[in-house]
Amino acid sequence: GDVASELQACIRSVSDRLVVFTGGNTAEVVAKALHSSPILRDRVKAVVSVNGVFGEWFDENFTHEAMDTELSRSTPWFSIGINRAGGEVWKTADWPEPVVPESGRRAIESISLGIVSVEPRTNDVDLVIKALMLTLLHRFAL
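Take the sequence shown: its letters are residues 1 to 142, numbered as in the numbering used here.
The hints are simulated quantities; they were obtained by calculation from the structure and are not laboratory data.
There could be a bad hint or two in this list.
As the list claims (entries may be wrong) - Listed next, the in silico DSSO-like pairs over lysine-lysine satisfying Cα-Cα at most 30 Å (straight line):
id	residue 1	residue 2
1	K130	K32
2	K130	K45
3	K130	K91
4	K32	K45
5	K91	K45
6	K32	K91
Build out the structure end to end from the sequences listed, making use of the hints.
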């Protein structure tokens, strides 16, 4: 289905806000869905990408002007890379950092949480997820 419609369906009341988790090639799919829906962008509290892949589309479309919100606020776009033994090695997995326009209004706040390596014999991925949730909760409490 259409990602924007699926995200919109998660909003049940006017006070609902979303934290969108994505990764790999779907990072671009989610960014395109938010790009095409100003109403949805207004409801998104943050976007989190794990091992995101960012193609050429971002060069022209992932801008502060194109991703602005009704209220003058920046939306945090968190990124994290997770390396697993025997898997693809990530050196970077960050959302692009768009040029700040002359107006100075920043709609996108690209926040890199870095690269984490986990061992398959442990449950490190669960610890990474818990740490990520604590990071998000701390950010929203500010």
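- Compare the structure with the hints numbered earlier in the document and write down the numbers of the violated ones, lowest to highest. none
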